[in-house]
Amino acid sequence: MAHRRPDRTLGPGHDEFWAWCDKQELRLPKCQACGKLAWPVTPRCQQCDASKFVWVQLSGRGSIVSWGTFVQDYYRGQMATPYDTILVELEEGVLFISNPDGFGEQDISPGMEVSVRFIDCEDSAGPFRLPVFCRSS
Amino acid sequence: MSKTAVPPTVPELSRAASIVGLGETDYGDDYRAQRNQPEGYTPPTPESLTKIAFARALEDSGLKLGDIDGLAVSYLYGGPSPAEVATMLDLRLRHTMTVHGIMAGPIPQVCAAIADGKCDTMAVVYAVATRSTGRTFGGMSAHPDEDAVPPSYYYFNPWGWSSQGAHWAFCWQHYRHRFGRAEEDLGQVAVQLRKNAMATPQAVMRKPMSIEDYMASRFIVKPLRLFDMCLVNDGGICFIVTRADKARDCAQPPVSVAGWGKANVKMDKLDTLIRQQLRPQCQAAGEQALQMAGLSLGDVGHFEAYDAATMHLVNHIESHGLAEPGTALDHFAAGDFAPGGRLPVNTAGGMLSGSYMHGWNHVAEAVHQLRHEAGERQTPGLEVAMTSLAQTDQVHPIIFTRGA
Ligand SMILES: [Zn+2]
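One line per chain: the protein sequences are A and B, in this order.
Under full-length UniProt numbering, residues 1 to 137 are what the first sequence spells out, in order.
Under full-length UniProt numbering, residues 1 to 404 are what the second sequence spells out, in order.
Treat the hints with care, as some may be off.
Dumping the calculated DSBU-like pairs for lysine-lysine here, alpha-carbon to alpha-carbon at most 35 Å [stated by the list, open to error]:
1) K266(B) with K30(A)
2) K222(B) with K52(A)
3) K23(A) with K64(B)
4) K36(A) with K266(B)
5) K23(A) with K207(B)
A few chain B residues facing chain A, derived, Cβ under 8 Å [said to hold, decoys possible]:
6) A86
7) M88
8) R92
9) Y155
10) S163
11) H177
12) F179
13) G180
14) A182
15) E183
16) M198
17) R218
18) V221
19) K222
20) P223
21) I274
Source of the hints: derived by calculation from the structure; they are not laboratory data.
Keep in mind it's a predicted model, so treat the numbers as computed, not measured.
Cβ atoms here follow ideal geometry from the backbone N, Cα and C, with glycine treated the same way.
With the hints as extra help, turn the sequences into a complete structure.
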């Protein structure tokens with residue numbers, strides 16, 4: 001069963017990120033001029049202002065930098081509270097906000113190693129696959 | 001908000017203008033009236049708040065209505081135009097501005113306009129009816145700003161991650177593991193600011209708060225609690241700002257705008273905020289402001305910083321170099337940041353317990369302190385105060401000095 005989630009940001013560039021997720025691949029736009037990875041997706045490179053990107057596949061591995069549990073219902077019931085959120089530093093250096101899968105805040109310590117997987121979700125634009133992180137074996 | 005232009009940080013603009021009048025609305029009384037809704041209660045509007053704040057500021061300054069020849073208005077969530085305000089207040093003006101930005105970010109623009117001869121004496125008005133209009137924060141109410149660089153938190157909605165509070169929760173989680181801190185340690189910040197608010201007649205929250213009360217408050221985004229988060233209330237503030245030479249003849253001791261600085265976060269926003277605690281931006285902008293004022297950090301005797309959350313205030317203090325990284329909470333526990341301590345901080349209770357005036361209240365408190373009129377929370381013999389706005393993507397400090 002697909003999890004209901006608050007709406008994604010869609011549009012040029014953003015759609016491409018989610019299209020790769022549908023194929024269960026975590027890809028981010030890499031600036032062709034300076035090589036910096038962009039996240040969130042931006043129309044221009046924040047480091048050099050160039051606008052040509054190539055979508056590169058990431059290892060999907062990373063480690064937890066920080067985390068927090070949403071107790072207040074900011075999304076008016078769209079997600080059942082409380083739920084956990086994590087900040088993962090991907091191997092390629094990008095900080096990525098996500099959710100833990102198969103573990104909770106009580107299990108987390110700084111630097112804990114995690115790996116991406118994709119879960120079936122839906123928002124008002126339809127079904128999609130969301131990258132979340134499970135403990136690395 | 002992040003696009004506010006800052007005038008050049010040159011010595012010629014330092015102390016070119018001074019704050020000579022201050023008017024604030026009754027934050028605490030208005031908050032209680034809004035909650036209790038007594039019979040005949042009418043909720044405040046930006047207009048009604050403006051009228052009260054302006055009338056009080058004018059009276060405080062000892063100036064006459066005809067002396068005001070400039071007007072700057074800042075209505076964060078909408079309000080009347082400068083022309084409408086001028087009509088409402090019966091002002092004849094040479095210069096008007098609509099200024100954006102929180103925490104008196106526009107003050108340097110006002111000083112530059114006065115130094116430029118556009119007007120001599122300007123009323124700077126800010127008002128919000130945040131609570132009465134039922135504004136909510138975070139979640140899907142965080143409207144995408146496609147121009148925001150770097151993109152803001154609305155982007156992470158599909159993971160259920162939103163709100164300013166979540167930023168500071170992640171900051172604190174990272175910080176407390178890095179420096180080995182307990183939840184009670186952070187609670188010291190909330191408890192101290194509540195004490196400060198209790199010594200401030202117009203503050204919203206004046207009920208005593210113990211560390212046990214803090215620990216019993218509910219989580220919002222764990223590990224941050226309700227008492228780690230700023231208030232939401234209505235109010236208005238007006239400053240009367242005039243040319244330095246005119247300021248010397250006014251009723252109140254003038255408070256000069258001595259220096260300012262600004263640094264933006266250009267990329268890697270979460271890393272800058274959570275792991276670097278905005279330190280590069282605080283250092284750069286703080287140095288600009290102090291250099292412009294011809295002062296050093298050691299001259300600062302009172303510090304007011306934008307406290308959207310307890311952890312936010314810790315970030316300011318450590319990143320401006322007012323405490324070594326990882327030590328701010330020890331200093332709070334020791335009373336070093338309390339009124340009468342080594343460096344009093346947010347002495348009117350900030351936005352955590354004082355009033356949610358988007359940092360304009362911090363500037364108002366700097367004025368009270370520099371005039372030496374803050375009563376039991378007064379910093380003895382104060383000459384130099386520093387305010388610091390730091391959002392998730394910019395840092396904007398201002399140095400204020402006593403005298404013109
Ligand atoms: Zn680039």
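Hint check, P223(B) versus chain A [nearest Cβ-Cβ separation less than 8 Å]
Interface hint status for P223(B): holds (7 Å vs cutoff 8 Å).
Should the hint that K222(B) touches chain A count as held when the rule is a Cβ pair under 8 Å?
This hint holds: K222(B) lies near chain A, its Cβ roughly 4 Å from the closest one there, short of 8 Å.
Taking 8 Å as the limit, does the beta-carbon of R92(B) come near enough to a beta-carbon in chain A?
violated, 46 Å
Between K222(B) and K52(A), is the straight-line Cα distance small enough, at 35 Å or below?
violated, 39 Å
Just to be careful, I want the Cα atoms of K23(A) and K207(B) compared with a cutoff of 35 Å; is the pair within it?
Violated - the C-alpha atoms of K207(B) and K23(A) are around 56 Å apart, more than 35 Å.
Is the interface hint for V221(B) satisfied, with its Cβ closer than 8 Å to some Cβ of chain A?
holds, 5 Å
Cut-off 8 Å, beta-carbon criterion: hint that F179(B) touches chain A
violated, 12 Å
Would you settle whether the hint for Y155(B) is holds or violated, based on the nearest Cβ-Cβ distance to chain A being less than 8 Å?
Holds, because the Cβ-Cβ distance from Y155(B) to chain A comes to roughly 4 Å (cut-off 8 Å).
Interface restraint verdict for S163(B) against chain A (beta-carbon cut-off 8 Å)
holds, 6 Å
Would you check the hint for K36(A) and K266(B), treating anything up to 35 Å between C-alpha atoms as holding?
Between K36(A) and K266(B) the Cα gap is close to 13 Å, so the pair holds against 35 Å.
Is the interface hint satisfied for A86(B)? The criterion is a beta-carbon contact with chain A at less than 8 Å.
Violated: closest Cβ of chain A sits about 40 Å from A86(B), beyond 8 Å.
Given the proposed pairing of K266(B) with K30(A), does the C-alpha separation stay at or below 35 Å?
Holds, at roughly 17 Å.
Against the hints set out earlier in the document, violations occur for numbers 2, 3, 5, 6, 7, 8, 12, 13, 14, 15 and 16.
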